[in-house]
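Participant: Residue numbers (our numbering), protein chains in the order written: chain V, 1 to 276; chain X, 1001 to 1325; chain D, 2001 to 2345; chain S, 3001 to 3518; chain E, 4001 to 4314.
Since the hints were made in silico from the structure, they are not lab data.
There could be a bad hint or two in this list.
Heads up, simulated DMTMM-like pairs for lysine to aspartate or glutamate below, C-alpha to C-alpha not over 25 Å straight-line [claimed, not checked]:
id: 1; chain 1: X; residue 1: 1243; chain 2: X; residue 2: 1265
id: 2; chain 1: E; residue 1: 4085; chain 2: S; residue 2: 3191
id: 3; chain 1: S; residue 1: 3349; chain 2: V; residue 2: 45
id: 4; chain 1: D; residue 1: 2095; chain 2: E; residue 2: 4223
id: 5; chain 1: D; residue 1: 2162; chain 2: X; residue 2: 1278
id: 6; chain 1: D; residue 1: 2032; chain 2: V; residue 2: 11
Label pairs and their calculated CB-CB ranges [to be verified]:
id: 7; chain 1: E; residue 1: 4005; chain 2: X; residue 2: 1038; range: 39 to 47 Å
id: 8; chain 1: X; residue 1: 1281; chain 2: D; residue 2: 2189; range: 33 to 41 Å
id: 9; chain 1: D; residue 1: 2281; chain 2: X; residue 2: 1284; range: 54 to 62 Å
Stretch-level coverage of chain V by chain E, calculated; a stretch enters the list once three of its residues show a Cβ under 8 Å from a Cβ in chain E [claimed, not checked]:
id: 10; region: 55-68
id: 11; region: 137-144
id: 12; region: 158-165
id: 13; region: 257-268
Think of the CB as a built atom: it goes at the ideal place given N, C-alpha and C, for glycine as much as any other residue.
Chain by chain, the residues:
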Amino acid sequence: MKEFFQRLVSDKVGLIGFIGILLVIIVAVLAPVIAPYSPDRMFTEHTLEGPSSQFLFGTDELGRDIFSRTVYGAQVSLQVGLIAVGIGATAGLIFGLISGYFQGKVDQVIMRVMDVFFAFPDILLALTIVAVLGPSLTNTMIAIGIVFTPVFTRLVRSAVMSVKENEYLTSAVAIGVQPVKIITRHITPNIMAPFIVQITLALSGAILTEAALSFLGLGVQPPDPSWGVMLNASRTYMEFAPWTILFPVSAIVLTILCFNLLGDSLRDLLDPKLKQ
Amino acid sequence: MADTAYAIEVKNLKKYFPIKGGVLKKTIGNVKAVDDITFNVKRNETLSLVGESGCGKSTTGRTILKLYEPTSGEIFLNGQKISDIPRGKFRRMRKDIQMIFQDPFSSLNPRMTVRSLLLEPLLTHKLASRKEANELVGEMIEKVGLSKEQLDRYPHEFSGGQRQRISIARALIVKPKVVILDEAVSALDVSIQSQILNLLIKLQEEFELTYVFISHDLNVVQHLSDRVGVMYLGQMMELGETKDIYNNPLHPYTRALLSAIPSLDPYEKKERIILHGDVPDPSNPPSGCPFRLRCPKAHDRCAEEKPRFLEKEKNHWVACHLFDE
Amino acid sequence: MAKNLTAILKGRGTLNTVLDIKNLSIEVNTKKSKYNVVEGVNLSIGKKMKYGIVGESGSGKSLTSLAIMNLLPDVLKVSKGSITLNTEKSKELTKLSKREMQKIRGNEISMIFQEPMTALDPLYTIEHQLLEVLKFHTNYSKKEMRELGLDMLNKVGISRGKEIFKSYPHQLSGGMRQRVIIAMALICQPKLLIADEPTTALDVTIQAQILDLMNDLSETHDTSILMITHDLGVILETCERVAVLYAGQVMEETTVEQLFTNPSHPYTQGLLKSIRSLGDHKNTLYSIPGNVPTPAQYENMGCRFSSRCPHAMEICKSKEPSMYTVEKDHTSKCWLHEEEGVAYG
Amino acid sequence: MIKKGFKLTFIFALLASVLIACSGNKETSGDGKDTGGDNKQVEQVLKIANDQEPAGLDPHKTPAHSSVRIYSQVYSGLVRFDEKMEVVGDLATDWEQPDDKTYIFNLREGVKFHNGREMTAEDVKYSFERIKAEETASHIASYFANVESIEVLGDYQVKFNLGTPDATFLTNLTNSSAAVVAKEVVEENGDLQQVAVGTGPFKFKEWVPDNKVVLEKNEDYYEEGLPKLDEVVYYTMKDEAARMSAIRTGEVDLTTVNPKSASLLKKEKNIDVKDYQSLEYSYVGFNVEKEPLNNQKVRQALSLATNRKAIADVVWNGDAVVSGPVAPSMGDWAIDVTKHELYSNDIEKAKKLLDEAGYPDGFDITITTASTYPDMVDTAQILQQQWKEIGVNAEIKQIEWGEYIDTWLYTSADVLVGRNGSGTDPDRALQYFFHSKGSANVWGFSDAEYDKLVESGETMLDKGKRKEIYNEAQEKLIDQSPNLFLVSPMKYVAVRDSVQGFTPYPHNGEYILEVSKK
Amino acid sequence: MYAYILRRLLMLIPVLFGVSVVIFFTLRIIPGDVAATILGTDATPEALAQLRKDFGLDLPIYEQYLQWMGGVMTGDFGESMRTGKEILPDISSRFAITFELTMLSAFISWIIAIPLGIIAGIKRNSKTDFGVRVVSLLGVSIPNFALATVLILVLALFFSYSPPVGYVGFFEDPITNLQILFLPALVLGTSMAGAVTRMTRSSILEILRLDFIRTIRAKGAKERVVIFQHALRNAMIPILTIIGMQIGVLLGGTVIIEQIFSLPGLGQLVLTGINQRDFTVVQGSVLFIAFVFVMINLIVDILYSYLDPRITYK
């Protein structure tokens, strides 16, 4: 772990990503402290005002402080990302482990079901699920989680299969270790590298998917300020009041960039093939 | 039927790997990795299986260990027939038969400390309480020439030789009766190899172990084994006492193999038999004797008839038409 | 093919050298660490000579060969010393530009590697990969190239050349691939062939075929061979001179005959002893105790073998010995020779 | 393989530059300033950006605005509104009323359907019977529910027999959906969703789904010299940014825009922005059968807590007027609500009412609205803020259109934010939406007195008296507050200055009959 | 090979069957139905019931499914509930647009990504590498619709340019067609490019460490030959996987871009279908997209064997 951080520090790209994400998390956690106003407080006399000392990033069409909303948006967007990816990753881990370890018929059944979900285009699947469940923060997260499950399942499954190629696994079988322990102690820790990389990338994917759902009006519900919601609302006013789009867009772009940079360099750092 | 004097008996063992093909993935052929071999290993004996890559020696070892299900034939462990015990049930018997692998870098789980690697077999088979187990681990690590201080390190902090010591400790800590060593020293440098070989011999005496030693290194095999079986294309070509095999090889393949070892004596004159061509594809072996395509002494009969495996001299078996008149 | 001692002696002592390595050091240079993995290596390979470098893994033998080819991985570089190639005119390889080096590789010096399984591009036919070398270095027509290629395959014992031309590497066995690689290495008639563990991955019967082939070819092609291996048997089988590498340094350098009959360095002695004791069935083998030091430990350890040496003295642990000439054509890097009073070379 | 890749790259780069070059050229010609070439006559093609794909073209079945704006150019009705919202003849030249319950229309002679057949009284009879037939499921069936029979008196004369006197009958006839259609076309196609054969100024030419609908000039249109345009093309462009960009660059000639975009376009020299007060108003609907909204005081408190001016300012950029159940653009019919007590935004009084109703600490409630319309979402958010002041904690639930309609229909939401078209006659605004048997009264609102009032309004033919009835009904409705009536917005149409003779009216935002291009 | 293709095609059946079941029953539990959306707020319960009957929505759900599937089996995807038009011709004409857009986007992304990935891979950990990684990821990081809107606005305001309105097919007028598709493809391509760059970079890196690259260098190959003839071709295999997946994702992911740029593609059809609860349209389109998606996967797998002689499907 320590060694890992040392290597992370030596990789500037990854470090930038890591620090960036840390900042976003801090902002999200400290949102009530940082934000000068409540994110849904409306100053109806001050709609669509440019940045000023009172409103650092200006105000939106309903006279709300964009700075406060961007700060709280970090909370909402991160929450969406974490929980959605949490759902997808956990389900994927379980299915993938079962599928990759036991193979045979179980594997066939799980993978065919995943194929079915995989065959649905992401956005359309999310859209349909949200349409069924009704749009809300929770349902958005569930929908994105379901959409991500097949990807994680496939990844975990193939990682399990490649771990199974290692002799330490044959060795564990030869020693007589119980299948459950083989999965938990020998396989799971060794598939974590690609799994974690996928998680960082999926996090950015989840935030973007939420934004896309917001564009279609099916994402996080107002007045909750997810960046996707802000972005979509401000599209109409972009020309009239560019700051309404500038700040949420910057927030989303930088955050996703950081997740990607981190994931990218984790991939290099954790990939034994690229170790020098 | 089984003789309890033998630690292991293998009778007419076959292990075929199916080749799938066609629209419905039906089996369209077989790779005959192990094709009807019979041998036994006495208690406290070291039997080596030698041969070139693809000859089926590893598959034999792994099938004995029930890492593969045999296609047919019988395997006995200490007189008990294990070939038809389901794998799940066999799990508990695994403490009697252990395995040491070739690659010291991939045979230890990189995410586990040496301590947990050694504890695992004990706890799995409930051979000791956690406290006792910890003591046993300490004893064992010292027996293989490492120190207790090294227990909390991870495998990557060790050199190849040290890792192989850890693997040995892990295999032996459950006090098995039989150990299958699959190319256990092949990946090591000469100076380290001899350390490990010494250790293996020492431990064999101490724990009264039976070894099945699988290797392609004929020098090492000569040093370690009581008896040697020479395999080619899934079949046993010759089996006998080590000294008989090395001093009086009967099978043309064994002779070629032994002559191919580079000599270490600059003054030694050696008759070198250079074999031509490569080992045939095991999914499509030649008719009759599997070695006939490369055999300098092949004749018509070799193509027509598979040679029988006969005891040509006392305890010296060979499968070759030259010795079957 | 019995080894004839007079034949060994014939090739030795040729003053006319193909390759001269002087005081070569190779350095690991990353942001975190900087140390030598190869240090002060001197070698000189005569025309038509078969020269061996023997050493355990991590001894730096492969890095030395890669340094000659200027193919060291990015984190490694030659920090000191020179590598001179004497063909028509002598060239200092460490100072050549990329392009000049490209002209030498595969043409004047060629190399074969350990793993025939992975040394060929899986996506191209044998024909493409074999003739590619000619395309890089000559102006032959396609037809001429094909003829040369088939001829070369014939020479490495592949008679069905036209068939093999059309195959992809995965369709060939290990021995066949290694033959193809040798053909590739020799097709431009290089002055020096570096063989880095060419038979380690092969079965023993195939190893015998390949070593036999290399011996034949070097004689018919006037090519010098630098054989890199961990297997003393292979050295004895093929080479005339040998350098023993340990922990990045040459410990002993002499003729093959002298090395086997009169090893001078305790490491060489130990190595030979442990191999020879393999013959005694089940008796305790002679073994060199301890482990090979890692490059990071090299600094301030005096003689790098001192930690494992049965003869180690106080001075060995603190001070690095020099190279001593123990007899004609025989040098060894050990403080014992100082005691014995042999000449410092 | 590799070489091929490079070639492709090169070709693509080339292609990209050609594209940009071409588009540059097109720019100049698209403006119509290109005097070169022999075609000096300006193409009389009007390109309109349609913000939604038309749902279908059957006038009797499709109320969607994106459809109406198209089929209203293809079909004609018996009568229409003129610019002063007076009923004038269209297919009927004139009409007589032998009694309160009978209308006889004299039809224009020689009017031809676009398929060439002459339109006769039979077609009028067929059309209205189709509207009334249950299997048609026409959205305007209720408008003509009291038409008892239709008689053909001659080729050019048709008689409508009503069950009761109906003051709204003529106004209802002006509705674009009360169109005269050709029987054989219906029979041939099953319905008229994909085809359009009418008697209007434009003929249906083609409909490329999600792309465009093309209408061409009806050469046989009965009014001489009209229409002036040769072709009208409705491009489906759902994205406001795309519409803005297209009107700016002259890719389209006419588009509706939102107030903020309108203010930007007003600065452009090639674009005229026309506005008109719409007949729509935004509202908050309550499920008056469920607690706590079954309590009139609660509803009144919410009305008092609502600052309608702020909604007009924030959501509509200030370009909306506070509205009652009848939109102010209906002129005389609408009462002045600004002075109404419940419109006073008196927080104290609101709190007091809540207290009296038994909710001193307020309550929790969910506001449902359609994500399809940003104005509704914004309105909901403002209400959420405003109601917070009296302790009402609202959560917003945004659903998309399909579900919204369902929710509306079955009143499965407690509070619904929406927008109503109040129609062209107060009868729709008051009876249709709030009579206890009104088709659109989904709120569970039921008041016997009110019912009687609006029933009498329908049959009252005296305009003065009728107005009084409706004034009272409006007062009553505001007092009961089954819905909160919020504001009625302005509508904006941006047109290129090459478009001549375009004026939008509240009852017809897209009157293009006399439009031409220069 | 043929056996392999045949087997894969057979395996499509359960997948597509699964897709059909999932989509069919999911749609049925979405609140609201086509009748309600057609009649809007002018709906009366009687009118609604009539319409529902017209659409067969009053039948038991499994019967509806069997009817639909029965039709699909015989190539009859049914008729749109909304327009009464046959669906299949509509789907295929719209698919052509979405497919063209997808391919164009993919193409743009390759042009951007593959050279960048190669450069980054060769100059690993250099400033160039850093720059390339950040730039390529920027494309991924911007939500499509934001980039599209900004692009439209900037082009209109500062260059007085907007893409031509009204879609024109490629074969009617290729230049106009490409003009219409260029911007949306650019937006989609930019967002795809990041992943392709990343994959190119890491597979180039991986390939460059393989033994045979050293062999090729030892043969005296110029760097250009090493990279383009050997490394890139080997790297193409994992890149192809990504590309295949992306084409699949794009096929369904163009919804937003189609809406913004007013392209009458398949995505819009599905979206409107969902919004209007036009079940038959959604079912048919999704099944169609799923079919194309799995076919693309199959084609990618077959391409592997073309690129890589080691892969022979039996």
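Participant: Compare the structure with each hint and give your call.
Facilitator: Consistency of the hints with the structure:
1. In summary, the hint linking residue 1243(X) to residue 1265(X) is supported, as the alpha carbons are separated by about 20 Å, within the 25 Å threshold.
2. Between residue 4085(E) and residue 3191(S) the CA atoms are separated by roughly 11 Å; this keeps the pair inside 25 Å, and the hint holds.
3. The suggested pairing of residue 3349(S) with residue 45(V) holds, with an alpha-carbon distance near 24 Å, which does not exceed 25 Å.
4. Only pairs whose Cα atoms come within 25 Å are accepted, and residue 2095(D) paired with residue 4223(E) is accepted, the gap being roughly 18 Å.
5. With a C-alpha separation of about 19 Å, the suggested pair residue 2162(D) and residue 1278(X) falls inside the 25 Å cut-off, and the hint holds.
6. Restraint check for residue 2032(D) and residue 11(V): satisfied, since their Cα atoms lie roughly 12 Å apart, inside the 25 Å limit.
7. Between residue 4005(E) and residue 1038(X) the beta carbons are some 44 Å apart, a value that agrees with the proposed interval 39 to 47 Å.
8. One distance hint, 33 to 41 Å for the beta-carbon pair residue 1281(X) and residue 2189(D), holds here, with the actual separation near 35 Å.
9. At about 39 Å, the CB distance of residue 2281(D) to residue 1284(X) disagrees with the hint of 54 to 62 Å.
10. Residues of the region 55-68 of chain V lying with their CB closer than 8 Å to a CB of chain E number 0, which falls below the three-residue condition for coverage.
11. A count of 0 residues in the region 137-144 of chain V with a Cβ less than 8 Å from any Cβ of chain E is obtained; the coverage claim is therefore unmet, three being the minimum.
12. Counting residues of the region 158-165 of chain V whose CB lies closer than 8 Å to any CB of chain E gives 0, so the stated coverage by that chain is violated, three being the minimum.
13. Coverage of the region 257-268 of chain V by chain E holds [criterion: at least 3 residues with CB-CB distance below 8 Å; count 6].
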